[in-house]
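Chains as they are written, first to last, in numbering that gives the first Met the number 0: chain A, 0 to 258; chain B, 0 to 258.
In short, the hints are calculated from the structure, not lab data.
None of the values given here were measured: they were computed from a predicted structure.
Certain hints may be false.
Quick list of simulated restraints, FRET-style, between CB atoms [said to hold, decoys possible]:
{"id": "1", "chain 1": "A", "residue 1": "T27", "chain 2": "B", "residue 2": "S79", "range": "42 to 50 Å"}
{"id": "2", "chain 1": "B", "residue 1": "S79", "chain 2": "A", "residue 2": "R56", "range": "37 to 45 Å"}
{"id": "3", "chain 1": "B", "residue 1": "G147", "chain 2": "A", "residue 2": "L88", "range": "48 to 56 Å"}
{"id": "4", "chain 1": "B", "residue 1": "T27", "chain 2": "A", "residue 2": "E9", "range": "36 to 44 Å"}
{"id": "5", "chain 1": "B", "residue 1": "K200", "chain 2": "A", "residue 2": "A218", "range": "49 to 57 Å"}
{"id": "6", "chain 1": "B", "residue 1": "K16", "chain 2": "A", "residue 2": "T89", "range": "26 to 34 Å"}
{"id": "7", "chain 1": "B", "residue 1": "K102", "chain 2": "A", "residue 2": "K102", "range": "26 to 34 Å"}
{"id": "8", "chain 1": "A", "residue 1": "T197", "chain 2": "B", "residue 2": "G139", "range": "37 to 45 Å"}
{"id": "9", "chain 1": "B", "residue 1": "D80", "chain 2": "A", "residue 2": "S20", "range": "28 to 36 Å"}
{"id": "10", "chain 1": "A", "residue 1": "N8", "chain 2": "B", "residue 2": "D195", "range": "33 to 41 Å"}
{"id": "11", "chain 1": "A", "residue 1": "G45", "chain 2": "B", "residue 2": "D4", "range": "54 to 62 Å"}
{"id": "12", "chain 1": "A", "residue 1": "S2", "chain 2": "B", "residue 2": "T89", "range": "37 to 45 Å"}
Glycine included, each C-beta is placed from N, C-alpha and C at the ideal position.
Number of protein chains: 2
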Amino acid sequence: MISIDSVSNERIKSAVKIASSAKTRRQTGMFFLEGLRLCRDAAVTGYHIDSFFVSARAYERFREDADFIAEKSKSAFIISDLVENKLALTQTSQGFFCLCRMKQDSDISEIDFSGKYIALENLQDPANLGAVCRTAEALGISGVIAEGGCDIYSPKAQRAAMGSLLRLSVIRCDNLAETLSYLGENGMKLYATTPDDTAEKITHCDMQGGVVSVIGNEANGVSDEIFELCEKITIPMLGRAESLNASMAAAITMWEMMR
Amino acid sequence: MISIDSVSNERIKSAVKIASSAKTRRQTGMFFLEGLRLCRDAAVTGYHIDSFFVSARAYERFREDADFIAEKSKSAFIISDLVENKLALTQTSQGFFCLCRMKQDSDISEIDFSGKYIALENLQDPANLGAVCRTAEALGISGVIAEGGCDIYSPKAQRAAMGSLLRLSVIRCDNLAETLSYLGENGMKLYATTPDDTAEKITHCDMQGGVVSVIGNEANGVSDEIFELCEKITIPMLGRAESLNASMAAAITMWEMMR
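All chains should be built: construct the whole structure from the sequences, respecting the hints.
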């Protein structure tokens, strides 16, 4: 492995930019991962790892893992403490970082019309994005449909997802309304969640066959444009509805889809 | 209101200690809250606020809220930017802080034997503690039984709970096994969650009448001592069980209790 000691190294500067900017990620088609487990998951699941960076200290401690990831990467580098500090987004860095190429987002044509999908409209909080994807994987959801506003390649979302975003089938779309219309025309049931208690109770909905359930933005919920395409459904609650956050609502919705 | 300009003021030093140390919280019976909404929730729900601190800037901007909280507090102080920086635990401080007296924890005798309770055994992550309590409030759970190891008075747990910990009935107990035995003797059904798929499926459990469901520690799950007292139940999954985190498992469990 080649050594990098300087924070002004071009590769390091580029990695920092990809880590910090959603726009740069879109332009380059690359994303940044931090942590032994996420780097390992990317290698195991067959992501194209363009650059792998490991600190000298981490290499000494986790040599086997580092060699495994390096072998699967196009280029691998040993970095100094200074460079590690520059790259680290967490306070307790493990000294493992990589730059991966985004997969060609699963094409809409890959959607199984008899599957169960969760669609995310403009979900903003990376912790919520990550949590929803973890739960989707646990419950065996067929895939996640992410509208463009959901920054699923942000390092925070990837970290919160604990590798599930690398393994799940993620379908990205720029126009969620168009995608949903297409899926509805192909016989899938379309539901959109709302705290509005006049909507159909989720426990009364037909979840047989192909289903897509939409979870809306944390502050504004599902947009009117999307509501027009879907049946409104609600989680009946005895307590304070405002207390149910987006990832918990998504968990209960996915559970009812798979139950 | 009295002004405090120095970070070496005794009240400020004591507030910092209560915010940072679980031991000091136990010894003093006090806890620390940060943020306009949490301080307001404490005042509205009738907590005894010993000291309320507001930055000069925040007082100018949110005078009505600050005056309302100050009126409900034993003492109220205007603090300098320096003092605000000393107290702030978040990066974007709103300039509102208070020290509250812990409520006498609801006595075990207050438990409604026909209610639905969630019991937390040694849950460590304050974000999980907060999330479980938010969801418990939303779904209308009767109360939360928190074993001593759960630091529900930590500022992080209070923040993640978004005020629900101030409103919920929280029963603290030093010996969860004893508490559960007592509740079982009084006719409550006792369940403990596990990823072990040979356990009874949660969808097949009798959730009528009084029920307590135990959620275990993030890393180790429910302890053997507690399992011996309860029926083991599991959330059937098609995907990777390890992906379901404690707060999501708790959300689905509480949903099934209330469904």
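These are the hints, each one checked on the structure:
1. A:T27 x B:S79: 42 to 50 Å: Holds - the Cβ-Cβ distance for A:T27 and B:S79, about 46 Å, lies within 42 to 50 Å.
2. B:S79 x A:R56: 37 to 45 Å: 41 Å, holds
3. B:G147 x A:L88: 48 to 56 Å: Violated: the Cβ-Cβ distance is about 34 Å, outside 48 to 56 Å.
4. B:T27 x A:E9: 36 to 44 Å: Between B:T27 and A:E9, where Cβ atoms are some 55 Å apart, the hint is violated.
5. B:K200 x A:A218: 49 to 57 Å: 36 Å, violated
6. B:K16 x A:T89: 26 to 34 Å: Holds, since B:K16 and A:T89 (Cβ atoms, about 27 Å apart) stay within the stated range.
7. B:K102 x A:K102: 26 to 34 Å: Violated, since B:K102 and A:K102 (Cβ atoms, about 51 Å apart) do not stay within the stated range.
8. A:T197 x B:G139: 37 to 45 Å: For B:G139 against A:T197, whose Cβ atoms are near 18 Å apart, the range 37 to 45 Å is violated.
9. B:D80 x A:S20: 28 to 36 Å: 31 Å, holds
10. A:N8 x B:D195: 33 to 41 Å: 49 Å, violated
11. A:G45 x B:D4: 54 to 62 Å: 60 Å, holds
12. A:S2 x B:T89: 37 to 45 Å: 38 Å, holds
Comparing the model with each numbered hint stated earlier shows that hints 3, 4, 5, 7, 8, 10 do not hold.
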